[in-house]
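Spelled out, the chains give:
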Amino acid sequence: MKKNLGILGILMVVFMATAYGSESFFTPYNLFNLVERSSLYGIIGIGVAFVIITSGIDLSIGSLIGLVAVIFPFVVVDHQMSLGMGLLAVFGLSLAVGVTQGLLITKLKLQPFVVTLCGLMIYRGLARWIVSDKTMGYGDESFVRLKVLVGNASQLPGCASLPGAKHIPVVFLILVVLGIAAAVFLNKTIYGRYLLALGRNEQAARFSGINTTKMIILAYVICSLISGLGGLLFALDYGSIQPDSFGNFYELYAIAAAVLGGCSLRGGEGSIFGIVLGAALMRLLMNSISMLGIDDQLEPTVIGFVILIGVIVDQLVKRIAAHRRAVLQARQASS
Amino acid sequence: MSPLLSVESVTKRFPGVTALNQVSLTLAESEVLALIGENGAGKSTLMKILAGVQLPDEGQISVAGVPVQLDSVQTAQRNRIALIHQELNLSGNLTVGANIFLGREPIKRGLIDKRKIREDSGALLGRVGLNLSPDTIVDTLPIGQQQLVEIARALSVDARILIMDEPTSSLSQHETERLLEVVKELRSRGVSVIYISHRLGEVAELADRVAVFRDGANAGELSRDEITHDRMVQLMVGRDISQFYARKPHQPGAVALQVTELETPANLGHRLSFSVRAGEIVGISGLVGAGRTELLHVLFGVDSAVSGHVAVNGQKLRLRSPRDAIQAGIALVPEDRKQQGIILEMAVRTNIGLPGLRKHQKTGGLLNTNQEGSDSAAMIARMRIKTPNERQVVQFLSGGNQQKVVLGKWLSMNPKVLLLDEPTRGIDIGAKQEIYALMEELAEQGVAILFVSSEMEEVLGMSDRTLVMHEGRITGELTRDELTEKAIMQLATGNVGAHP
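Order-wise, the sequence lines are chains G and Z. Read in order, the letters of the first sequence are residues 1 to 335 in our numbering. Read in order, the letters of the second sequence are residues 1 to 500 in our numbering.
The hints are simulated quantities; they were obtained by calculation from the structure and are not laboratory data. It cannot be assumed that every hint is accurate.
Derived lysine-lysine pairs resembling PhoX-like cross-links, with alpha carbons at most 20 angstroms apart [as the list claims (entries may be wrong)]:
1. Z/Lys-359 / G/Lys-188
2. G/Lys-188 / Z/Lys-362
3. G/Lys-188 / G/Lys-214
4. G/Lys-147 / G/Lys-166
5. Z/Lys-386 / Z/Lys-338
6. G/Lys-3 / G/Lys-109
Okay, the calculated beta carbon distance ranges per label pair [to be verified]:
7. Z/Gln-395 / G/Ser-24: 45 to 53 angstroms
8. Z/Ser-307 / G/Gln-203: 23 to 31 angstroms
9. G/Leu-117 / Z/Glu-87: 32 to 40 angstroms
All figures in this text were calculated on a predicted structure; none of them were measured in a lab. Ideal Cβ placement from N, Cα and C applies to all residues, glycine included.
Could you put the whole structure together from the sequences, leaning on the hints where they help?
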C-alpha cells in the first residue's frame with residue numbers, strides 16, 4: 001500500500017488539474033467513460049503482471065486482443081454459430097496461446113521476449129487473413145446479451161433500482177472482482193508465493209522443490225486468458241474492429257501500467273492495486289490531454305514522460321530507503 | 001628505514017558503528033602479512049581504505065615513509081597498491097589478454113594494439129606460472145586460473161603492495177597450493193602481500209607475520225615462529241577453544257542412503273556405489289572438478305542420472321526434480337548459496353517456509369501465514385540466526401547467518417538424508433563452529449549426512465568416513481583411523497595404488 005502512495009499522488013494531481021482546467025472533464029458522461037476505459041486497461045495490466053512477476057514478458061497481448069476481437073464475430077456472425085461456440089473459440093484460443101508460449105519458454109528455454117514477439121506478429125497476421133482485413137462489427141443482435149458487460153451496472157439483473165448504479169460501468173465491477181481474485185492468489189496462496197519466489201530466483205525456487213516449469217506455464221496461461229477476456233470486452237465496447245490495428249500497442253500500455261504500479265521487469269515484485277492505479281493514470285492522461293486542448297499528436301510523448309518521471313521518482317525513493325536501512329542496520333549491528 | 005606501508009591510528013566510523021578503531025599496522029618490503037579475524041572484524045574496511053575505495057575518518061597512511069591521501073582507486077594504483085577482490089572482477093566473455101589490459105589498452109594508430117597485448121600479457125602470465133595463450137576466453141578457465149589472471153593484471157600495473165581478499169575460498173587444494181607458490185614467488189621478487197583468509201592452514205604455511213583483527217581493532221600480532229593454529233584461533237575469538245570440532249563417537253544405524261552403480265553426466269563411464277547410514281557423517285573429498293557437486297545434484301534430482309539408482313531407507317527413488325528428492329526425505333544445502341540456496345530479496349521467514357509451504361496450506365491453496373510465522377520464528381531461535389525479526393530480507397544478513405537460513409529451511413522438513421556442499425565456505429569461524437555443532441546434533445538424531453568439502457581440516461575433523469573422488473570416480477574410502485591429509489591427497493590426485 002505504502003509503495004503505491006506515489007502513483008496515487010500523481011493520479012490525484014493530474015485529476016485535480018484537469019478538473020480545474022476543463023469544464024467538460026467533471027461530467028458524468030466523461031467520468032463514466034474514463035472509469036470504463038481505465039478498467040479495461042487495468043484488466044489486461046493484471047494479466048501481464050503475472051508474467052512480469054516471473055521475470056518474463058508478454059508482447060503478444062495486443063495482437064491476441066485483435067485476433068480474439070476478430071474471431072468472435074467471425075464465428076458467431078459469419079458462421080452463424082451460437083454465442084457459446086464464439087466464447088469457446090475466444091477462450092480456447094487464448095488458452096492455446098498461453099500454453100504454447102509457456103511451453104516454448106520453459107521446455108525449449110527460449111527467451112520470453114522472443115517467443116511473444118513472434119506471437120505478436122503471428123496473431124496479427126492471422127487476424128487480418130481470417131477475415132481478409134474486413135472491418136468486423138458487433139452490431140449484430142446476437143451480441144445484445146453480451147453488450148450488458150460494457151454498459152452500466154443498472155442494466156445488470158436485479159440492479160435496476162440501485163441508486164447510482166447507472167454511473168458504474170460493469171467492466172469496473174469485473175475489474176474489482178478480477179483484481180481481488182488476483183491479489184488473493186498472489187499474496188495469500190502458496191501458488192502466488194511460488195510465482196514471487198521463482199521470479200526472484202528461479203534456481204533457488206527449483207532447489208526448494210517448486211515445480212517452476214508448471215508455475216511459469218500457468219503464469220502465461222493466466223496472462224493469455226485475461227488478455228482474451230480483455231479483448232472481448234474491448235471489442236464489445238468499441239463495436240467496430242479493424243483487424244490490422246485493433247489492439248496495437250495494448251501490450252505496451254499493459255506493461256507500462258504494471259511498471260508504474262510497482263512491478264519490476266526483473267521479476268518477483270508487483271501489487272495488483274498499483275497496476276490498476278497505473279492503468280488509471282494512463283487513461284486519465286489520455287483523457288486530460290484531449291480535455292485540456294493539448295495537441296493530440298503529443299499524447300504518446302506526454303505519457304512517455306510521465307512514466308519516465310514515475311520510474312525515476314520510484315528509483316530515488318528506493319535509494320533513500322536503502323540508505324536508511326543501511327544506517328539502521330549499522331546501528332543495530334553496533335548495539 | 002621506514003616500512004613500505006604504514007597505517008597509523010586509522011579510525012573509520014559508519015553511522016552507528018565504528019568499523020575500525022585506532023588501527024595501526026605495518027608492512028615491510030617482501031613481506032606476506034596475513035590478516036585474519038571473524039567476519040565483521042574490520043578487515044574489509046581496512047582493505048577498502050588501502051585500495052582507495054573509502055577514506056578514513058582519522059589516522060594516517062604512509063607509503064615508503066611518505067604520507068598519502070588514498071582518495072581514489074587511481075591514487076592507490078599510482079602508489080602501486082592493487083586489490084584482488086574475493087569475487088573476481090574479470091569480464092568472462094573477453095580474452096585473458098583483454099582482461100589484463102582492460103581500461104589501459106595500448107593503442108596503435110587509433111586501434112587496440114592486439115600484438116602488444118598478446119606479448120605483454122604472455123610475459124605477465126609467465127610470472128604467475130600460467131602456461132596458456134593470452135587469447136583464451138576467461139570463462140573457459142577454471143576459477144583457480146582466473147585468480148592467477150587477476151594477479152597478472154595487478155602485476156601489469158606494477159603493484160608492489162598486493163591485497164588479496166580470501167583468494168583461495170573457492171579454489172581446490174591443488175589450485176590453492178599453486179596460488180601459494182605464486183605468492184611466495186612474488187614475495188621473493190620484492191612484492192609485499194596483505195593476505196586475508198579464513199583458512200588458517202594456508203596462513204600458517206605462507207605468512208611471515210599474522211595480524212588478528214577483532215571488533216574493529218588490531219587484537220594482536222604473531223611473528224613467524226609464533227604462528228600456530230591454536231594461537232590464531234585464540235586471538236580471533238578472544239578465548240581459548242580447546243575443542244573446535246565438537247565430535248562425539250557415533251553409533252550409526254541402518255543404511256539410509258544407498259547409491260548403486262550411479263552414472264552421472266559428470267562421470268560417464270564410471271559407476272559410483274556407496275551408502276550412508278542413519279546417524280553417520282560421511283565426507284566427500286577431492287579436487288574441484290572431481291564431480292562432487294554434480295554427484296550431489298543427481299542425488300537431489302537437479303540433474304538426472306544416466307544409469308544406476310538411488311534408494312532412501314530401502315525405497316528406490318525416481319528422481320526427476322528436487323521435488324521428488326524432497327518428498328523422499330533428501331535435503332541439499334548447495335555450494336552456490338546465493339544462487340541456489342536462498343532468495344536474497346525475500347524475508348527470512350519466506351525463505352525458511354519455502355520448501356514446506358504445502359504443510360502451511362489451508363483449503364484452496366490459501367496460505368496459513370500465522371503458522372508460517374510461528375514456525376519460522378521457532379527455527380530462527382533454534383538456529384540462532386542473528387536477525388532483527390523474521391521479516392528481515394536475507395541479503396542483509398551475514399554469510400554465516402544466510403547459511404543458517406538455508407539449513408533452517410531444510411531442518412523444518414525433517415530430512416532423513418542431508419546433503420551439504422561446502423557448508424562453511426566464506427563464513428566466519430563462529431558460525432562455522434555452530435554449523436559443525438549442528439551437524440553433530442543432527443547425526444545424533446539419526447540423520448544421514450553426506451558433505452562435500454574442499455577444506456581438508458573440515459573433512460578430517462568432521463567425517464566418520466571419507467570418500468575421495470578423482471575425475472568422476474571414487475578412488476578410495478577412508479575410515480576414521482586411516483584418515484590423514486596425505487592419504488586424502490594421494491587418492492584425490494588419482495594415485496590409487498599408493499593407498500594400501
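Between the alpha carbons of G/Lys-188 and G/Lys-214, is the straight-line distance 20 angstroms or under?
The hint holds at about 19 angstroms.
G/Lys-147 and G/Lys-166: Cα distance at most 20 angstroms?
holds, 15 angstroms
Run the distance test for G/Lys-188 versus Z/Lys-362: straight-line Cα separation, threshold 20 angstroms.
Cα-Cα ~10 angstroms, so holds.
Would you check the hint for Z/Lys-386 and Z/Lys-338, treating anything up to 20 angstroms between C-alpha atoms as holding?
holds, 18 angstroms
Would the hint linking Z/Lys-359 and G/Lys-188 be met if the CA-CA limit is 20 angstroms?
holds, 14 angstroms
Hinted pair G/Lys-3 and G/Lys-109, Cα distance within 20 angstroms:
violated, 33 angstroms
So the hint says 32 to 40 angstroms: do the beta-carbon atoms of G/Leu-117 and Z/Glu-87 match that?
At roughly 34 angstroms between Cβ atoms, Z/Glu-87 and G/Leu-117 fall inside 32 to 40 angstroms, so the hint holds.
Cβ separation of Z/Ser-307 and G/Gln-203, checked against the hinted range 23 to 31 angstroms:
holds, 26 angstroms
Could you tell me whether the CB distance from Z/Gln-395 to G/Ser-24 stays inside 45 to 53 angstroms?
holds, 51 angstroms
Figure legend: structure checked against the earlier numbered hints; the only hint not met is number 6.
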